[in-house]
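Visitor: The residues making up each chain are set out below.
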Amino acid sequence: MDGLIKHSKTINKLLSRYGVKFGIYKNGEFKEQLFPFDPIPRIIDYNEFSNLEKGLIQRVQVLNCFLADVYGKKQIIKDGVIPEEFIYSAKGFLPPCDGVFPQKGIYSHISGIDLVQAKDNNWYVLEDNLRVPSGASYPMIARELQRRSAPETFMEHRIIDNRNYADLLKEVMDYVNTGGINVILSPGRYNAAFFEHSYLAEKTGAVLTTGNDIVCENDKVFYIDYDGNKQRIGAVYRRISDEFLDPMTFNEESLIGIPHLFEAYKKGNVALLNAPGNGVADDKGIYYFVPKMIRYYLGEDSILQNAPTYLPYYKKDMKYVLDNFDNLVIKDVAEAGGYGVIFGSSLSKDKKADFIDLLKNEPRRFIAQEVIDFYDLDILDEKGERVPRKADLRAFVLTDGKTKVWPSGLTRFSRNPDSFIVNSSQGGGFKDTWVLSR
Amino acid sequence: MIFIRNLKFCYTLNAEYSGDITHHNFSFMFSPHDTNRQRIENLNIEIADCPKLNITRDNFKNKRYYGLIDKPHNKFSIKVTGNALTGLDIYEEYTSEPVEYSLLKVQTSLTLPGLKLREYHNGMELDKLENDYEKALHIMHTIYYTFKYASGATVVHSSAEEALRLGMGVCQDYAHIMLSVLRMENIPCRYVVGMMLGEGASHAWAEVLCNGYWYGFDPTNNKLVNDEYIRVSAGRDSSDCSVIRGNFYGLANQRQKEIVSVEDISN
Amino acid sequence: MGIITLEKSNNLFWLGRYTERVHTTLKFYLKGTDKMIDSDPGYYAVYCQKVGITNIYGSRENFVRTYPYDETDPNSIISNLNRAYDNAIVMRDYIGTETMAYIQLAIDDIKHAEKSGSPLADLMLVIDHLLAFWGCVNDIIDDEQIRNIIKLGKGIERLDLYLSLDKSEFEIKKEFRRMKQFLSKSHMHYDSDTLFTIEKMLNEEGFNYLNVRSLVRGLIQQ
Chain W
127 MDGLIKHSKT INKLLSRYGV KFGIYKNGEF KEQLFPFDPI PRIIDYNEFS NLEKGLIQRV
187 QVLNCFLADV YGKKQIIKDG VIPEEFIYSA KGFLPPCDGV FPQKGIYSHI SGIDLVQAKD
247 NNWYVLEDNL RVPSGASYPM IARELQRRSA PETFMEHRII DNRNYADLLK EVMDYVNTGG
307 INVILSPGRY NAAFFEHSYL AEKTGAVLTT GNDIVCENDK VFYIDYDGNK QRIGAVYRRI
367 SDEFLDPMTF NEESLIGIPH LFEAYKKGNV ALLNAPGNGV ADDKGIYYFV PKMIRYYLGE
427 DSILQNAPTY LPYYKKDMKY VLDNFDNLVI KDVAEAGGYG VIFGSSLSKD KKADFIDLLK
487 NEPRRFIAQE VIDFYDLDIL DEKGERVPRK ADLRAFVLTD GKTKVWPSGL TRFSRNPDSF
547 IVNSSQGGGF KDTWVLSR
Chain Z
58 MIFIRNLKFC YTLNAEYSGD ITHHNFSFMF SPHDTNRQRI ENLNIEIADC PKLNITRDNF
118 KNKRYYGLID KPHNKFSIKV TGNALTGLDI YEEYTSEPVE YSLLKVQTSL TLPGLKLREY
178 HNGMELDKLE NDYEKALHIM HTIYYTFKYA SGATVVHSSA EEALRLGMGV CQDYAHIMLS
238 VLRMENIPCR YVVGMMLGEG ASHAWAEVLC NGYWYGFDPT NNKLVNDEYI RVSAGRDSSD
298 CSVIRGNFYG LANQRQKEIV SVEDISN
Chain P
2 MGIITLEKSN NLFWLGRYTE RVHTTLKFYL KGTDKMIDSD PGYYAVYCQK VGITNIYGSR
62 ENFVRTYPYD ETDPNSIISN LNRAYDNAIV MRDYIGTETM AYIQLAIDDI KHAEKSGSPL
122 ADLMLVIDHL LAFWGCVNDI IDDEQIRNII KLGKGIERLD LYLSLDKSEF EIKKEFRRMK
182 QFLSKSHMHY DSDTLFTIEK MLNEEGFNYL NVRSLVRGLI QQ
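Residue numbers (this note's numbering), protein chains in the order written: chain W, 127 to 564; chain Z, 58 to 324; chain P, 2 to 223.
Since the hints were derived computationally from the structure, they do not count as laboratory data.
Take the hints with a grain of salt, since some may be wrong.
The list that follows gives simulated cross-link-like pairs (lysine-lysine, PhoX-like), each with its CA atoms no further than 25 Å apart [unchecked claim]:
# : chain 1 : residue 1 : chain 2 : residue 2
1 : W       : Lys-204   : W       : Lys-441
2 : W       : Lys-346   : Z       : Lys-185
3 : Z       : Lys-120   : W       : Lys-393
4 : W       : Lys-157   : P       : Lys-112
5 : W       : Lys-217   : W       : Lys-486
6 : W       : Lys-147   : P       : Lys-112
7 : W       : Lys-132   : W       : Lys-157
8 : Z       : Lys-185   : Z       : Lys-162
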């Protein structure tokens, strides 16, 4: 590890050489910046990872069951485990997906589960991302460049190689492919994660496209070459959100979608990764129910814990939230990327009163959580000194015939000592995540 | 009184473009179907110059026609004709599983109430009424007498709350306001697109699930949906029922005209 | 691989054009700055006129200091290099991260030169990295058509610039011959009548550069 710190300049130089950046909109202008990298890795030992792995597999399998149920028989609603209005008022519940079955019954092929480790060493799930979770490419390329910069470090430690992510991803695409090529559908050059889109396309051998060269004809999807020849597409790993996917079914104003793509999908002629409509399962309000789902579908206890969460929707919880407002973090279920997060203690008296009014008027819109006492990770500050910072871990879980956990993950940290927000769009950085092989 | 009427209908949509367009994808939804109240006969749908027409059904059982016209064109037209025997009953549909319609109890972005609608709802004192049917009736009356018909005041994407603040709007706004109030009462209800006896444009109203039966209420005219109405499609709100969606290459302005005529040809 | 769509062919073509634009204008800029040292301090005005950009610079010092580096000036060298990058990143799956890195390095070179004590000498690194990029195109990209489209873009751009910069007839003819071989190999659609006319004109001594240039600009049908 000292080797990495010693060579951190070299690693950063290589990251810059390979353009490891993410995009950000500032004052309406698109800018790309290097994703700040910290050389001190997060280290997860073998036993700990095995336990995490079991918990993640259980969770993702159940979330897939839940999606199949919600867009199918709706047994979990009929049995009263989750109040129906939580399902139907979730922004991510898409009526057009009702009764539509994806290829091989898989809804969430690529799941990004955000976890934190608390000071008691327990891992808590903060959020499930089942729509278009991003970030795997960063530790992938960072590992490659670290091995080149500090090979001795990787000789000394037994670290599972994480550069197989693209192979895992390709296996998933191939597994659900309905016959034809794999493509990665990106919203375009000016998307925050375009580096990742282009990098994963290169590494998986899928074709990178913005959709302009794709046409849907008679419920089949084709890629059109320069001379107008058509080639069938069997799987679309789409990195654009549901609402923009197909202007004929979802948002009509979408310019980046492919008209009638949804019909081709509905008829089983193309696979979409991830399935449209997954937003209902990673809704912040539904999150509360995941441990209940695990019990309901598997009859098991949840291996991974949720952060203690309250739903103001329930009278009892509302009372708790009002009584303990200053100790809680309140999240707007419709927001993402670290936005819409309010720490009760941070509000002025007036703002607090206003917010409580809003909460009472729209209880379904918010969840409240206990602030977890994070186990901080060290980073190197500008002066090269170790300082502790809040950090989370996005674990990537891939589902084809089996559910597999990528033995690594994206560790994001906050560069600001007082902040809990680790999102790159808000100035966070990343670390490599080592899983030790024994 | 229930009549059986034979209504002959003709729906036309003509679009003209100021220049040639290509790669024109469209999706069209204006296909009336049988309910307990109406039976559709001789249905004919003509879509100009589309080499192959595909059909799909959405989750509200509406039929959608869609296709792709690749070659350059500057006109596009659709014509739907047929007969509707109406007044066969007073409700559209019966269900023994009202729970299947729970989705329709939830507000959408177009029906989501704000302060104004909440006050409006409170003012109706609906808890004094016996059942959902009575409530729907009262809501319809209230809207009819307190909301003013005016075209051009609201736009296609105006929400119920926005329309109510203005105090005026068109049939779409009447229907959205009614849906919003019904949903505050936790009553399943849906937005309906259809036609009414006479000449003009398409119409919209609300359908309400009362004790297993779906009834149509037309707040714009303060009428229960009867043999003068032909039902076409339904959804959570107007955005689920948009008649036409299009997407094409080419820089062109679009002019679109919709004409509906419904004539009583019963003897 | 092997599927090249209209959009991708455009990206490859412009990748070739922009990298070449940076390469040739930068060499011309280095020559121009030499002239401006003593023999012709006002030469930057001529430079702008020849390259076909608006002279917004006002003084020799300002031109030398901003023209290569100013990202807000759409005609600056770095702006053209950024456009090359934009066309490269969308083609990462075709040209590869290794190839792309050389454009990134060239961008970093310019930024570095801006702050350096001897910017002109440091700008030469940009040319080194562009040459490495061309080397990668030949060495790494396996698909012949992809290579040929990039080279066609490069060839067209060079011919266009050489005609603007009044290079010798000999040089023009040489670049035309080089460009022509990629024209057919790239499978890009072009106007064969125009090609024929250009060839005919080049065979006459004292041909009109501007006329040839406008024909070259209309050669590829996009």
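Visitor: Compare the structure with each hint and give your call.
Guide: Tested hints:
no.: 1; hint: W/Lys-204 to W/Lys-441; result: 22 Å, holds
no.: 2; hint: W/Lys-346 to Z/Lys-185; result: 55 Å, violated
no.: 3; hint: Z/Lys-120 to W/Lys-393; result: 15 Å, holds
no.: 4; hint: W/Lys-157 to P/Lys-112; result: 16 Å, holds
no.: 5; hint: W/Lys-217 to W/Lys-486; result: 20 Å, holds
no.: 6; hint: W/Lys-147 to P/Lys-112; result: 17 Å, holds
no.: 7; hint: W/Lys-132 to W/Lys-157; result: 30 Å, violated
no.: 8; hint: Z/Lys-185 to Z/Lys-162; result: 20 Å, holds
In summary, the numbered hints that this structure violates are 2, 7.
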